[in-house]
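A.B. asks: Chain by chain, the residues:
There are 2 protein chains.
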Amino acid sequence: METYSSAGVNVERADRFVERLKARARRSGHDDLWRGAGGYAAVYPVSESEAVAVTTDGVGTKLLVACALGQYDTIGIDLVAMCANDLICVGATPTLFLDYLATGRLDDRIADEIISGIVTGCDESGMILAGGETAEMPGVYEGQHFDLAGFALGRVTRSKLITGEEIRPGQKVIGVASSGIHSNGLSLARKVLPQDDKTYAALLTPTIIYTRPVASVLSQYTGEIKGIAHITGGGWRNLFRLNSAVGYHISSPLPRHDIFEQIAAHVPEDEMYQTFNMGMGLCMIVEGEAEPILELLRQANLAAQVVGVVTEKPMTLTIERSTVTLRG
Amino acid sequence: METYSSAGVNVERADRFVERLKARARRSGHDDLWRGAGGYAAVYPVSESEAVAVTTDGVGTKLLVACALGQYDTIGIDLVAMCANDLICVGATPTLFLDYLATGRLDDRIADEIISGIVTGCDESGMILAGGETAEMPGVYEGQHFDLAGFALGRVTRSKLITGEEIRPGQKVIGVASSGIHSNGLSLARKVLPQDDKTYAALLTPTIIYTRPVASVLSQYTGEIKGIAHITGGGWRNLFRLNSAVGYHISSPLPRHDIFEQIAAHVPEDEMYQTFNMGMGLCMIVEGEAEPILELLRQANLAAQVVGVVTEKPMTLTIERSTVTLRG
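These protein sequence lines are chains D and E, in that order.
Under our numbering, the letters of the first sequence match residues 487 to 814, in that order.
Under our numbering, the letters of the second sequence match residues 487 to 814, in that order.
No lab work stands behind these hints: they were computed from the structure.
Hints may be right or wrong, so weigh each one.
Where chains are identical, the list cannot tell them apart; a pair therefore holds if satisfied intra-copy or between any two copies.
[What the hints assert, rightly or not] Each computed SDA-like pair below joins lysine to any residue, with the alpha-carbon atoms no more than 25 Å apart:
(1) Lys684 to Ser535
(2) Lys658 to Pro531
(3) Lys508 to Arg641
(4) Lys508 to Arg595
(5) Lys677 to Asp756
(6) Lys646 to Pro778
(7) Lys508 to Arg591
(8) Lys684 to Arg506
(9) Lys508 to Pro754
(10) Lys677 to Asp593
(11) Lys646 to Leu740
(12) Lys646 to Glu806
(13) Lys646 to Glu755
(14) Lys799 to Asp593
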């Protein structure tokens, strides 16, 4: 059996590093920021009532899947999705996007395809592609390798900021379907799966951009949405980011894509849930009626259902008909 | 003789790409942005009178110099400097910084050193290190290679936005000294210079962060500073970014560091000026008295002098006692 760590990605080491980093960063000025749920974005007030939210992300080794297939026109969608989906977790409306594209030698066709994906993603998420940096770095990137980072800025009013503080046991967890593996755990997936075109094509399916459907939910049901978790690196453990006083029980998980079943043949089940989205790209914690919200999501062609409830067991996630328990 | 292109960096190809990119990006929402001089940052209004300015940059192959020397505690200063120095060109006050650090395998010591540089840079520029992304990407980065990208946000009020539109022939050009090569042209420098520790140590000298001295100039002499150019990729051609209706004549250039003289033995003079900062890390276009501004800069331990004037020849830069003429 393989793990994320055996595939060369040590999440614990990265977590420890981020903790040390936070301790250093906290020294100066962090008190000026508002607290958005899960730290999905830094929320910086620009007036008494208004703030901008900013976040950065990359697409990890999904890049190598694009390279292997020679298909570069969707990876930009993933890049935008990774950032935009983080912004909505604090209730922000994605507004501006900037990209960083670094490569060994800029290939016009590849670069144009990458950018076409970024433009598609910006259009879909309602963001302006406001700037970017394109760097040729011979010696850092070999062959057709490249890296992509994205920076997104959103706007949020104080009254609509999602803090996660009002999450309480008994509230419902709505799961919104992913399109597949999205942009997490690719190093592990690539290690265990056959490297054929069909498998790689499944891996390359672009990450869903949830911003417009979530915006319509938030505009109609503000106050009922107590938390939103983008199921990104760390898999279902992302739920623990919202509020450390509660836990979750998932009783009716969304169907999992074939790709997860294929990976699961080689990876322990707990590792699956703490690495991949397992069919659920986004969670919403809801107080009150779920049905009207589900209806809105379905109108946007997103499969969504109540998958479970918030529990009283702090930082503990259990899954029905599974021996897996995740702990924060 | 070598050129930036023969060192593997094709500026024209990158420029063409950026032009195509801009054309695509312009489609949606760009009219909502205010125009800051030179496009050094995207300026997004958050109210009638207030805006945020955002920019992204990396440090290019200066990374490889840090790797070669095994000294990682200054490259983060360069990263912050590249972004912060761009923000001040539109008159913005740097406020938030986010970093993207991608590597093949996260080495605790190296990562901590990189971050210590970023923290130093944030302290020096008055920015909050508000977030970041740390990615382990085995297969993209080999050995101890890594990449770094930065994203900075600043604030600017409409009345203090520097647009470059008021630049007129006859105004003075103040040159502010660089500390050395800063973070541009490293691929070319590394190609032509000997790869010994002394040379590499000179190349690794961190980029000067100009934000605090420039902020004090701007607070006392708003209205007299008509343009600011960060002399970054493209060398002295950066001046052309400010206003396409004018040109420049440089009559009293700042002293050049030894490192430029060493490079110049292998690189044509025009290539030197359109690749490197040549001793001048920042330019300010000034209407009125220069002396009080120079005095403020010198108090901040920055060497600065009037290096030339704005001319009527559009997009043309001439240098006294040199046959070099740059054209936009």
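A.B. asks: All hints, please: hold or fail.
C.D. replies: Here is how each hint holds up against the structure:
1. Lys684 to Ser535: neither (50 Å within a copy, 53 Å between copies)
2. Lys658 to Pro531: Close neither inside one copy (30 Å) nor across copies (38 Å); limit 25 Å.
3. Lys508 to Arg641: Answer is both; intra-copy 24 Å and inter-copy 23 Å each pass.
4. Lys508 to Arg595: between (39 Å within a copy, 16 Å between copies)
5. Lys677 to Asp756: Close inside one copy (18 Å), not across copies (49 Å); limit 25 Å.
6. Lys646 to Pro778: within (20 Å within a copy, 47 Å between copies)
7. Lys508 to Arg591: between (35 Å within a copy, 20 Å between copies)
8. Lys684 to Arg506: Neither, since 41 Å and 32 Å both go past 25 Å.
9. Lys508 to Pro754: neither (31 Å within a copy, 46 Å between copies)
10. Lys677 to Asp593: So Lys677 and Asp593 pass the 25 Å test across copies only (21 Å; inside, 28 Å).
11. Lys646 to Leu740: neither (28 Å within a copy, 53 Å between copies)
12. Lys646 to Glu806: Answer is neither: 33 Å inside a copy and 59 Å across each miss the 25 Å cutoff.
13. Lys646 to Glu755: So Lys646 and Glu755 fail the 25 Å test inside a copy (37 Å) and across (57 Å) alike.
14. Lys799 to Asp593: Neither: 52 Å inside a copy, 35 Å across copies.
Checked against the numbered hints above, the structure breaks hints 1, 2, 8, 9, 11, 12, 13, 14 and satisfies the rest.
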